[in-house]
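Top line first, the protein sequences correspond to chains A and B.
Residue numbers are given in our numbering: position 17 of the first sequence equals residue 819, and the series is strictly consecutive.
Residue numbers are given in our numbering: position 94 of the second sequence equals residue 896, and the series is strictly consecutive.
FYI, nobody ran anything at the bench for these hints, they're computed from the structure.
A virtual CB, placed ideally from N, CA and C, is assigned to each residue, including glycine.
One thing to keep in mind: the hints can contain errors.
[Stated by the list, open to error] Chain B regions said to be covered by chain A (calculated; three or more residues, Cβ under 8 Å):
| no. | stretch |
| --- | --- |
| 1 | 807-821 |
| 2 | 828-834 |
| 3 | 837-851 |
| 4 | 858-870 |
| 5 | 892-906 |
[Stated by the list, open to error] From the derived model, a few chain B residues whose C-beta atoms are all more than 10 Å from chain A:
| no. | residue |
| --- | --- |
| 6 | Ala825 |
| 7 | Lys873 |
| 8 | Asn878 |
| 9 | Asp909 |
| 10 | Lys912 |
| 11 | Lys920 |
| 12 | Tyr928 |
| 13 | Ser930 |
| 14 | Lys941 |
| 15 | Pro945 |
Number of protein chains: 2
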Amino acid sequence: MSYKFLINDLNSQKKIGTDKGLAKIGDGIVNLTYSIAKSIYLTESSSTVQRTGLKVNKTILSNALKNANMKHFAKNRADAHDLANTVEAIIAYVVLNDNMTLNEIIDFLKDKLSGDLKNRAQELKYASDAFTNLLNYIKKFLPDD
Amino acid sequence: MSYKFLINDLNSQKKIGTDKGLAKIGDGIVNLTYSIAKSIYLTESSSTVQRTGLKVNKTILSNALKNANMKHFAKNRADAHDLANTVEAIIAYVVLNDNMTLNEIIDFLKDKLSGDLKNRAQELKYASDAFTNLLNYIKKFLPDD
């Protein structure tokens, strides 16, 4: 079934980027898709299967929103936590709006990942880059306001 | 892409049901699919759109494993937390094995939900029933041992 009716009240950049329920759904989407993408990435560069599930660091997401020049989706005077919630809400929006499937997000992130993701500093950089790429890609699906 | 290579080392009921990394991925799958299914269910029985994201209670999942007669997938002397992890691992297995998509799980759970999910006791009962149904459905995709 289509899930569009879950977002048909959200018709502006600010409404999407500041919706708390949408951000909660997006939190699950971001953590799950990144976990699987990272598992694939680590497995492809290893001799054993690697399965990992994790929460994506808020700094990774807030950096991505800034790098994609999308801070105007967030509320005014937003802190890193607010900016991360905005990224989560935006990603949930495109999934519920049928613009991208969860598998497409997994594959997109996996293709954009690079570096040594077991190194914390490198993961911060390269995961931020992957999410920046994702945000730039999905801009076209969002309201112009 | 197919994610089957992420599970090709897991060839028995016990290996699937006790794998920690798989349970972590499944934790994300369970929380996300149930959150969207519950959002749909609440929205369909309301005059406003309801969006919610939540962690599924461990008791709901451990009850489902017992009700589906699948405790043998868990480790010996498993507590409720272990049993819940086993449910999460099993659900992750069928997703990574391409037996069910995330959207199919959302739709399945949504179709099985009933009662007043804003009432904690009722949610415990009806969500346990929905996950029991899901486990019974996916048995056919799991190794016979």
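Grab the minimum beta-carbon distance between Ala825(B) and chain A and tell me whether it stays above 10 Å. violated, 8 Å
Looking at Lys873(B) again, its CB stays over 10 Å from all of chain A? Non-interface label on Lys873(B) holds, nearest chain A Cβ at 23 Å vs cutoff 10 Å.
Is it correct that the beta-carbon of Ser930(B) has no partner in chain A closer than or equal to 10 Å? The assertion about Ser930(B) holds, with a minimum of 20 Å to chain A.
Stated coverage of the stretch 807-821 of chain B by chain A [criterion: 3+ residues, CB within 8 Å]: Answer holds; 6 residues pass the 8 Å Cβ test.
Given that the stretch 837-851 of chain B was listed as covered by chain A, double-check it with a C-beta distance under 8 Å for 3 or more residues. holds (count 7)
Outcome, coverage of the stretch 892-906 of chain B by chain A - at least 3 residues whose beta-carbon is closer than 8 Å to one in that chain: holds (count 4)
Cut-off 8 Å, C-beta pairs, minimum 3 residues; does the coverage of the stretch 858-870 of chain B by chain A stand? Since 0 is below three, the answer is violated.
Minimum Cβ-Cβ distance from Asn878(B) to chain A exceeds 10 Å: With a cut-off of 10 Å, Asn878(B) remains clear of chain A, as the shortest Cβ separation is near 22 Å.
Asp909(B) clear of chain A by more than 10 Å, beta carbon to beta carbon? The assertion about Asp909(B) is violated, with a minimum of 6 Å to chain A.
The output says Pro945(B) does not contact chain A. Does that hold with a beta carbon cutoff of 10 Å? Given a closest Cβ separation of 16 Å, the condition holds.
Looking at Tyr928(B) again, its CB stays over 10 Å from all of chain A? holds, 20 Å
Okay, the stretch 828-834 of chain B and chain A, do three or more residues pass the C-beta test at under 8 Å? holds (count 6)
Taken one by one, the earlier hints fail for this structure at numbers 4, 6, 9, 10, listed in ascending order.
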